[in-house]
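Undergrad: Listed below, chain by chain, are the residues.
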Amino acid sequence: MNIQHVNAKLFFDSPFEIGGPRVVGVFHDWVREQVFDEVLIDVADYRHVPNGPSLMIIGLEADYVVDDSDGRMGLLYNRKAGIDGSNVDRFKQAIDSAANAALLLKETLGDKAPMFSQTEFQWTVNDRAIAPNTPETFAAFTSDLVASATAILGHSEFTLKHHDDPRRLFSVTVSTIKSFDFAEIA
Amino acid sequence: MKTSNSLWRDRLSGKLPEPLGEEIDNFESEIELRKQGKIEDKIFAETRLRRGAYGQRYDNGTRYDGEQTREIPYPPGKNTKGPGTVWDAPGMVRIKIPYGGLNPEQLEVLAELAEEYSDDIVHVTTRQDVQLHFVHIDDTPALMRRLAAVNITTREACGNSVRNVTGCPYAGVCKDQAFDVTPYAHALTQFLLGHPDVQNFGRKFKPTFSGCGQHACGLTAMHDAGYLAVTREVDGKTERGFKFYVGGGLGAVPHQAKVFDEFLPVEEMLPMIQAVARVFAKHGEKKNRNRARLKFLIKTWGMEKFKEEVLAERKKLTPDPRWTEYLDSVDTFEEKPSRPGGALPAMNGNERYNRWAKGNLREQRQDGYVTATVALPLGDLTANQTRALGDIVGKYTTGTIRATVEQNFVIRWVSKSDAAALFAELDAAGLAEPGAGTIVDIVSCPGTDTCKLGISSSRGLAAELRKRLIEKGAQLDQAIEDLHVKVSGCFNSCGQHHVSDIGFYGVNRIVQGYQVPHFQVVLGGEWENNGGSYGLPIVAIASKRIPDALDRISEFSLRERLANERFSAFMGRVGKAKARAVLDDLTKDAPSHDDDASFYSDWGDPREYSTGDIGKGECAGEVVTAYEFAMTSAERMVFDAQVSLDDGESQKAGEDGYAAMLKAAKALVQIEYDDVSEDSDEVVEEFKERFYDTKKFFDPYAGGKFANYLFTGHENAGRRFDVEAARHLLEESHLFIEAVHACYNRMRTAGLNHGASK
Ligand code: SF4
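Those protein sequence lines, which keep their order, are chains A and G.
Residue 1 is where the first sequence starts when you use this note's numbering, and the numbers rise one by one after that.
Residue 1 is where the second sequence starts when you use this note's numbering, and the numbers rise one by one after that.
Hint data in this document are derived by calculation from the structure and do not stem from the laboratory.
There may be inaccurate statements among the hints.
[Claimed, not checked] Straight-line alpha carbon distances no greater than 25 Å define the calculated SDA-like cross-link-like pairs of lysine to any residue that follow: (1) K576(G) with D596(G); (2) K38(G) with G648(G); (3) K652(G) with D25(G); (4) K112(A) with D596(G); (5) K78(G) with F16(A); (6) K237(G) with V330(G); (7) K92(A) with N5(G); (8) K472(G) with R47(A); (9) K287(G) with Q670(G); (10) K78(G) with G82(A); (11) K112(A) with K161(A); (12) K467(G) with S179(A); (13) K35(G) with R47(A); (14) K106(A) with R32(A).
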């Protein structure tokens, strides 16, 4: 099965205040400077909605989101355009892009930046037709997920947790005991 | 953009209710034709608008970034999806929700679509629609198919068409209603959707239904067509009808609707709107969109003449069984509870529940039940919340929920004994905001966030005001809490600021050589009585000072309003000058840019402010004539016929190719004779008489040759087509359509295309 529209979320480990103008300003700067290798269009502000996509950069190929869904804030990379290559390439691409944005956020905000979890991240496939959230889908993609996580982390000491609510998007959390370094995976 | 779009087409093929499925197939073909450059962008723009695919800010490919207007680096070389509208620029999809009525299954699909095609947010509008933003045009057919699978359409949600039919969210459960307007709103929706008499308007047309005169649920005073339920006694029998209003509307120049008929019997509801539509289509302004709403026609003619014309048109209508058929099914709309009624739990130590119950629960006319309002901040909820809401509605009711014009949801048929449990579940989903319908529950249009016409950030301001009012929370005086606040990003009034106690709309002012976002303060509009009177602008104040302005107005009202005096009455009594005086100093002494640069930006948007991003709106769309639309359809039909031929379906290809010629011929006939029917004999006869016999259709070189393709096709209708015959006919069909275009252009040049009706 050919997977597409892979999202990656890097969780924040520390509380992060998204209320003020600071992060909004950073996101507007990123759009102005077109800091990624993708077309960035605008900033959407949903900080008034609880447990949702608080603040987003809307892009053509992907969105970058400070996302508070399910009560866990993090930086989410939401891939909208299709990508050539293998499934492993696409899982890796999503993590690369999210890590790249995380590094930039840390660099821009300095000591005001959130702490990112170095032991956990999440993949989601934002397409129910391609990846219905079933045990079969998980089974079909497990080897790709393992290969991708191994390539990203540089070892295979991790666990995969499939979030199996069939109404939600197909989603897997990768947890490791050894911490990883964003600079290396970006 | 989604790689799965074709999977949805295959998966839902043959499973969608008609005509929704066929219309989406047609739209997909039109997208393909536009990509091939075979449909003009102006026509494609109106086509997509009528399918609910709307433009968004920055879709012209540029954006002011706080320093300068820069190009957004979209991939070059693609078509546009409307004049000056970049193909890849994301757009909005407006989803019609007639009278706001939804069920859990539909909420589930909306949640999925928000996640997969949009930005994870479901947005409820002030006309009970749902909007999804940042959607790629290539994804719209898949999105529409998934909606159609749960019986939702985006058709005619935008453009110069009949928009969503709105109605009381309390219809059927309200203590004050004359009767339940739901079945009538449903019948009007079905009757007008795609009706040939509503395809040639110069602008949009908005109908609404209200169950009573005193509340604001339907806002009949501000709609093109407003139906207010009334009854009368005749020979001891109760008859149902409507006090029928026409010609209302907000926008830049608000007009109160006028009474067309004090009692329009329900049997006359559909024929009369058909007659109104025909008069509007025939006589409404087409060229100047600023004067093209029905209100201007009524203003120009006066109500007496308008009524005369409509009644004359009514007499001419050919009877349609649908006018009254729906009356047999009125009773089937009656909703039932899923759980036995009960009593409300006593207020307890749970202060949050108490506040929520006080503002958000409302007694139903049926003993033992309440409605519960889910107050949405700025009309937004996440996909997860939408799913959770569906679950809650499914658990406590038979799936009865409606969107409201105040951008909220109302859950109906909640047993009083379930109120506390319902609160707890809503609360867990982040959906238990208290203060529904109070000053905290601010209504806002999209403004500069996504609207191309936005001048100031209405949502930014509304979010800021809301935050401050929530902080004040319980300290707010009841007289202040009861006020309504509504915000629009510009004078077009999509936030309905005219019918609010306190309204704001975005304007721009130059201060110390810089552009500064401002809002006009509009005071004294009336939300009650179906939006019974409109407020007036008092003064423009810088955006960053509006929270202070709101405080001042609130304090002024608290000080000087009489007990039980409505805010609108208070404003009428004290006068504009006095109200303005309390705000006067907020218009002076702006900080210099060096001292406070934030004054020169808008709420929630730290970019230095500019109006450079304002674009051309699509609220009305381009005025595309019925001729242009019909010709687009004819071309699409030939295209589809070719696809059929490629798929080996020669019989279908031949029949569709002939149908395309008929469509084109009818388009031409309609320029002279509006009422031509779909009957092929009549179309061909009228075409022959008007265009062949008069030689108007004759090509300077080929004479009447191309018309003969139509005549031969018509004579041989019903024949068998093998591959060769079908191919031959498709070639003729192409040539005939080209000849129709050429004929039309010759007539335009000669100024002949305004022929009289038969
Ligand atoms: S009021 Fe103006 S800014 Fe707001 S949605 Fe309407 S046109 Fe756009």
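Undergrad: Does each hint hold? Answer for all of them.
TA: To see whether the hints hold, each was checked on the structure:
| no. | hint | result |
| --- | --- | --- |
| 1 | K576(G) with D596(G) | violated, 31 Å |
| 2 | K38(G) with G648(G) | holds, 24 Å |
| 3 | K652(G) with D25(G) | holds, 16 Å |
| 4 | K112(A) with D596(G) | holds, 23 Å |
| 5 | K78(G) with F16(A) | violated, 41 Å |
| 6 | K237(G) with V330(G) | holds, 17 Å |
| 7 | K92(A) with N5(G) | holds, 24 Å |
| 8 | K472(G) with R47(A) | holds, 19 Å |
| 9 | K287(G) with Q670(G) | holds, 19 Å |
| 10 | K78(G) with G82(A) | holds, 18 Å |
| 11 | K112(A) with K161(A) | violated, 31 Å |
| 12 | K467(G) with S179(A) | violated, 39 Å |
| 13 | K35(G) with R47(A) | violated, 37 Å |
| 14 | K106(A) with R32(A) | holds, 18 Å |
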